[in-house]
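Colleague: What follows is the residue order along each chain.
Number of protein chains: 2
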Amino acid sequence: MRIGIFGLGTVGQGLVEIMRQKNCGIEIAAVVDRSFAKKAQVLQGIPASADKDLILKDKSIDTVVELMGGIDDALYVVRSAIEEKKNVVTANKALLAEHGYSLFHLAERTQGGQILYEAAVAGAIPIIRNIETIFRNEQITRLMGIINGTTNYILTRMRKDNMGYGDVLEAAQKQGLAEADPTLDVGGYDAQQKLGLLISLVTGKWVEAKNIPVRGITELSSQDVIWAERFQNRIRLVADYKQENGQHYMHVTPALVDERNVLYDIEYENNAILFQGEYSGEHLFMGKGAGKFPTAFSVYSDLLYLKSGSAAAARKFAHTPLSTNYLSIGDISDTSSAFYLRLRVKDQPGVLAAIAQILGNNALSIASVHQDHSAVQAGEADIVIHTHSAKRNSFYRALQEIKNLKNFVLHQIYLPVLT
Amino acid sequence: MRIGIFGLGTVGQGLVEIMRQKNCGIEIAAVVDRSFAKKAQVLQGIPASADKDLILKDKSIDTVVELMGGIDDALYVVRSAIEEKKNVVTANKALLAEHGYSLFHLAERTQGGQILYEAAVAGAIPIIRNIETIFRNEQITRLMGIINGTTNYILTRMRKDNMGYGDVLEAAQKQGLAEADPTLDVGGYDAQQKLGLLISLVTGKWVEAKNIPVRGITELSSQDVIWAERFQNRIRLVADYKQENGQHYMHVTPALVDERNVLYDIEYENNAILFQGEYSGEHLFMGKGAGKFPTAFSVYSDLLYLKSGSAAAARKFAHTPLSTNYLSIGDISDTSSAFYLRLRVKDQPGVLAAIAQILGNNALSIASVHQDHSAVQAGEADIVIHTHSAKRNSFYRALQEIKNLKNFVLHQIYLPVLT
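Chains as they are written, first to last, in this note's numbering: chain A, 1 to 419; chain B, 1001 to 1419.
Just chain A, with the same shape it has in the complex:
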C-alpha cells in the first residue's frame, strides 16, 4: 500500500510521525504541500511538491490522504483521486457536507476507490466505523452529541473560570483551540456538518447538512451559565437527532443538560456521542474531539482498515450514504421540549402577570419562576422561567408575543432542556 498525503499541516505531520513510529507496512510515497520546501525536517526525504500531479498522476499510489482543508482544491483532489480509482481518506467535514453526495456517488459509479472519513467527525472517537459496521443493522432512534470541541471548551471555561464569552474566545484563539474567524465553530455550523454526516450513516439516506436547523452559542451570556448551575444544569452545544413516528428530527442547539445526563460531564475540548439502539440500548462514546495526534490517529486507523481489506468487505454490507435518496428532515418545531427562558425586564408591577398570561394562553405550563436583581442595573430584573415540556411551536409563538411587550421586556434568551 502506497499513499500520497495532501497537506502537511498539524494533522498531516501527526500522521507522518505515527506512521514512522508504528512501522505499519504502509509507504508514504509522496506529499503535496504548498510550503513543502520549508518542511524538509518532517519530510526526511519523502518526495514532495506543490504540484498535485505528483500524487494524482502516480499510478503506484493507491490511496490519497486529503488533509488540506478548504473546499475547492480539496474537491479537485478528491474527485481526481476517485476518478483515478484511488481510495481517499479525508478529515474534511466541510467538503463532505457540501459535496459528499456527489463524491460518494462518483465513487459508487466509477467502482473505483472508497472514501473514508473517520477523522472528519469527533476526532479520535471511532464513531463512523462503529455506526457503519457494528451498528449498521441496528435501529438508532436517538443520538445526542457534543461534537464541536471549541464550543465545549468555551462553555466549560465560562463556567469553571467565571469568564465572559468574549474573553474565553480570545483565550481559546491564543491556544489554537479556536480559529481566527470562529464563525464555523461558535455559529454551530461545524457541528451541523458533522451531524449531517452522522445521520446520513444512521439512516442510509443523504442528509443535506445546510438544511439542519442550527443555533450557535454567541447569544449566551455568563448570566445563563450561572443560572444553569443554580439548577444543577450545564449548557452544552448539542447535535440532537431523534426518530419519532417515522419522522427524522434533528438540530444543533445550545441546551440545558441535567446532571443525570452523561453529556453533563463532558468538559473542555472532549467530544461525546450518546445514542440509543433499539436492541442494544444506550451507548456512549467519548474521546478527544480534536488535536494533532487524536485526529491523525483516526486517519491512520482508516488507512489500516483499507490495508486489511476489511473496508472493502464491510462496505458491501454497510448502509452508507450512497442511496440516491435524500433524507426528508422533519420540522423540529413540531416536536416537544421543556424550556429555560431568561427575560431581562423593567422592574415594574404587572410584568410577570403579562408574561404568565402569554405562557398560559399558549398552553405552556410553568415548572418554576425565579426573579433576581443581583446582576442587573437598577430598575431592571431578570425573570427566569422553566416550562414543562410543550410543543416547540407553542413556545416560539409565546416567545414572539413576549418580545412584543417592548415596554417591559428588554431582552430575552431561551434554551431547550435536553432529556
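Among the hints, a few may not be true.
Stated by the list, open to error - Okay, the calculated bits of chain B under chain A, using three or more residues with CB under 8 Å as the criterion:
no.: 1; stretch: 1120 to 1131
no.: 2; stretch: 1136 to 1145
no.: 3; stretch: 1198 to 1205
no.: 4; stretch: 1273 to 1280
no.: 5; stretch: 1364 to 1375
no.: 6; stretch: 1381 to 1390
The hints are simulated quantities; they were obtained by calculation from the structure and are not laboratory data.
Keep in mind that this is a model prediction, so the values were computed, not measured.
Note that beta-carbon positions come from the ideal geometry of N, C-alpha and C, so glycine has one too.
On the provided structure of chain A, position chain B as indicated by the hints.
Modeller: Same frame as chain A, now just chain B:
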C-alpha cells in the same frame, strides 16, 4: 450463512427474536437445547433437539453460536465445532478464561473457523471489536473498567437507597440481576475473567485470568459507602490495568472513585471501559453490561461481522491472543496508590497515636483523618484515614502491623483510590 444455536435461554431467545426482526440473510438451521420440547413457541419450526450432533454433524452449518454457559459441555461444543472448521460465536467468558488459550490455538492450527466473543465482555459495548480492529496498532497504556453489572448495581443501590449489602443482593437476585450463587460476580471473578480477555487482546499475549489479583465487594459495608460519599467519592468494582516501565500490572478491586473520574457516573448495571491510547488519547465506551437484547445484539453483531467477510480480513492483521506467549503479570504490590482505611477501634487514649506511628514508620503520609462515633457502639469509634500515594507494599505492611494491635483495633477495611 447457516448457523446452529446451542442454548435457548434468555440470550438465545433474544438472538432468535433479533434475527427474525432484522431479516439479515442468516439462516438459523438448528437449535440444540436440553428443554427444546418446551420452547416450540420460540422455535416456530426451527429444527431442534437435545442432541448436539444435530448441529455438529451438519456440514451445511458454517457457524456455531454457543450460549449454553458452563464449562464442560460448552468446551466439547466449541472444540468440536472448530475441528469441523466451523466458526464459533460465544458469550461464555468463563469458558474462554479457562480454555481460551488452547481453543484459540486449536483454531489457528486447524485453520478452521474463527472464535468471536464480543458478547463475553461488557455486554452490548463493542469493546472487543474496537480493540481488535481500530486500536490494534495503538499502544494502550492504561485501561480501567466497570465490567460487572451485578456488583455495580449492588453498589449503586447501597448508596442511592441506603441499603445494606445483603438486602440489595437479595433484591438483585429477585430481579434476575444476580445469580442464586452470586460468588462469581460479587467475588470479582467474572470481572477477572473479562479483564484477562481484554488484556490478552491489548497486549497480544495470553493473560491467564486466574493469575490476576482479585478482591470482591463482599467485605464492604454501608459505612464505607457513606464515608465515600462524604468525600465526593463512590465505590466501584474496577478492573484496572496499566503498563509502566515495561511491566503489565492489573487487578480487580473495589476502589474509591473521585467525582472527576467518568467512572463515578456509571450507575446500576451499566458497564464502562476507559482507556488511554498513546496517540489517540483517552476513550470511554459505555453501554449496557447485560440483559437479553443487549447481549444478544453483540452475538448478532459478531454474526454479521463473519457474514461480511470483515472478520476474516481483520483477523489477518489483528494481534489476537494467538501468540504462543503468556503475558508475564507484574506484581501489583510494587505499584503505588493512595488509600482509604477505615478502622473500628476501641475508643481509648493512645489509639490514634499508635496507628499514626505505624503509618509513619512505613513511610505512609496521611492526607486526612476523621473520627466518628455516630454509627458505632458505645466505647467504639471509626477512624477513617486517607493516605497520599505510596507503594502498595508499604501500605500492606502497615496494615498488617495495625491488625496486630488487637487490643485496640477490632476491624479494618481498606480501598485503593483510583486515579
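Colleague: Hints first: check each against the structure and report whether it holds.
Modeller: Now the hints, each set against the structure:
| no. | hint | verdict |
| --- | --- | --- |
| 1 | 1120 to 1131 | holds (count 5) |
| 2 | 1136 to 1145 | holds (count 3) |
| 3 | 1198 to 1205 | violated (count 0) |
| 4 | 1273 to 1280 | holds (count 3) |
| 5 | 1364 to 1375 | violated (count 0) |
| 6 | 1381 to 1390 | violated (count 0) |
The structure fails to meet hints 3, 5, 6 from the earlier list, while all remaining hints are met.
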